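2 protein chains.
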Amino acid sequence: MNPKRCAACKYLRRRCPKDCVFSPYFPPDDPQKFACVHRIYGAGNVSKMLQQLPDQTRAEAVESLCFEAKCRVDDPVYGCVGIIHLLKTQIQKTQNELAKTQAEIAVSQTKLSQTQNSDFM
Amino acid sequence: MNPKRCAACKYLRRRCPKDCVFSPYFPPDDPQKFACVHRIYGAGNVSKMLQQLPDQTRAEAVESLCFEAKCRVDDPVYGCVGIIHLLKTQIQKTQNELAKTQAEIAVSQTKLSQTQNSDFM
Chain R
1 MNPKRCAACK
11 YLRRRCPKDC
21 VFSPYFPPDD
31 PQKFACVHRI
41 YGAGNVSKML
51 QQLPDQTRAE
61 AVESLCFEAK
71 CRVDDPVYGC
81 VGIIHLLKTQ
91 IQKTQNELAK
101 TQAEIAVSQT
111 KLSQTQNSDF
121 M
Chain P
1 MNPKRCAACK
11 YLRRRCPKDC
21 VFSPYFPPDD
31 PQKFACVHRI
41 YGAGNVSKML
51 QQLPDQTRAE
61 AVESLCFEAK
71 CRVDDPVYGC
81 VGIIHLLKTQ
91 IQKTQNELAK
101 TQAEIAVSQT
111 KLSQTQNSDF
121 M
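Just so you know, the protein sequences line up as chains R and P, in that order.
Note that the first sequence covers residues 1 to 121 in UniProt numbering.
Note that the second sequence covers residues 1 to 121 in UniProt numbering.
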């Protein structure tokens, strides 16, 4: 066995070809990275998705696939949609706080202008 | 062919068994829903993921898988991780706006208290 096989070929117990589609993105020292995408998408689907992309976008695609796969392993019901819900809740809370603060500023400004007007009376 | 086959069995050109794992979540009138998850995860992986979940969580799991699959079809590089980045940017913007507004309110309140103090001089 070639000790320089990428993590994907090691996992799939196969020879790592020179033009291996996985090898640039799955170094042998991080076996968990491939195990995770393999468990969720399957090696064939990951390979197909990467082959349909231009080379310069593949690294980013692998990172996002690995992120989504890890989310799905951690939360098999909601995956990273759970994170999207959390973030939307956080936006709603921050927007509410902003609206409240903007209302407070309006009240303060009204009071200020009333006080200033009363100075001229 | 049984016209009541679920969308998944129709897509896979197979008989729809009574205990079909897909049938409660992939009605025959929405073929696109299954086509999308099949394209990204493969039928076998979806079936495996559903079978590992208790019945009462499967509908939610199917919805989140379909959402993620649709995101990946629409954006093959970033999938729904692209949405997470957008939401994080939106949170940052709202938090900045909130901090700015809170600073403005502090200025208004200082001005107000200065004006009120000068009234008593």
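What the hints contain is simulated information worked out from the structure, not anything from laboratory work.
Take the hints with a grain of salt, since some may be wrong.
In this list, chains with the same sequence are indistinguishable; a pair is considered to hold if it fits within one copy or across any two.
Only pairs whose alpha carbons sit at most 25 Å apart, straight line, appear in this in silico DSS-like list of lysine-lysine [unchecked claim]:
#: 1; residue 1: Lys4; residue 2: Lys100
#: 2; residue 1: Lys88; residue 2: Lys111
#: 3; residue 1: Lys100; residue 2: Lys111
#: 4; residue 1: Lys88; residue 2: Lys100
#: 5; residue 1: Lys70; residue 2: Lys88
#: 6; residue 1: Lys48; residue 2: Lys70
#: 7; residue 1: Lys93; residue 2: Lys4
#: 8; residue 1: Lys10; residue 2: Lys48
#: 9; residue 1: Lys70; residue 2: Lys10
#: 10; residue 1: Lys111; residue 2: Lys70
Note that the coordinates shown come from a computational prediction; the quantities given were computed from them, not determined experimentally.
For each hint, the structure was consulted:
Within a single copy, Lys4 and Lys100 get their C-alpha atoms no closer than 59 Å, and across copies no closer than 53 Å, so neither meets the 25 Å cut-off. Proximity of Lys88 to Lys111 under the C-alpha cut-off of 25 Å is found in neither arrangement, the shortest distances being 35 Å within a copy and 36 Å between copies. Both within a single protomer and between protomers do Lys100 and Lys111 lie at most 25 Å apart by alpha-carbon distance, with minima of 17 Å and 20 Å respectively. Taking the shortest alpha-carbon separations for Lys88 and Lys100, both the intra-copy value of 18 Å and the inter-copy value of 21 Å come in at or below 25 Å.
In this assembly of identical chains, the alpha carbons of Lys70 and Lys88 lie at most 25 Å apart whether taken from the same copy (20 Å) or from different copies (19 Å). Both within a single protomer and between protomers do Lys48 and Lys70 lie at most 25 Å apart by alpha-carbon distance, with minima of 20 Å and 16 Å respectively. For the identical chains of this complex, Lys93 and Lys4 are neighbours neither inside a copy (50 Å) nor across copies (45 Å), given an alpha-carbon limit of 25 Å. For a Cα distance limit of 25 Å, the shortest separation of Lys10 from Lys48 qualifies both inside one copy, at 19 Å, and across copies, at 23 Å.
Proximity of Lys70 and Lys10 under a CA criterion of 25 Å is satisfied intra-copy only: 20 Å inside one chain copy versus 31 Å between copies. Taking identical chains as interchangeable, the C-alpha atoms of Lys111 and Lys70 are never at most 25 Å apart, the minima being 53 Å within one chain and 52 Å between chains.
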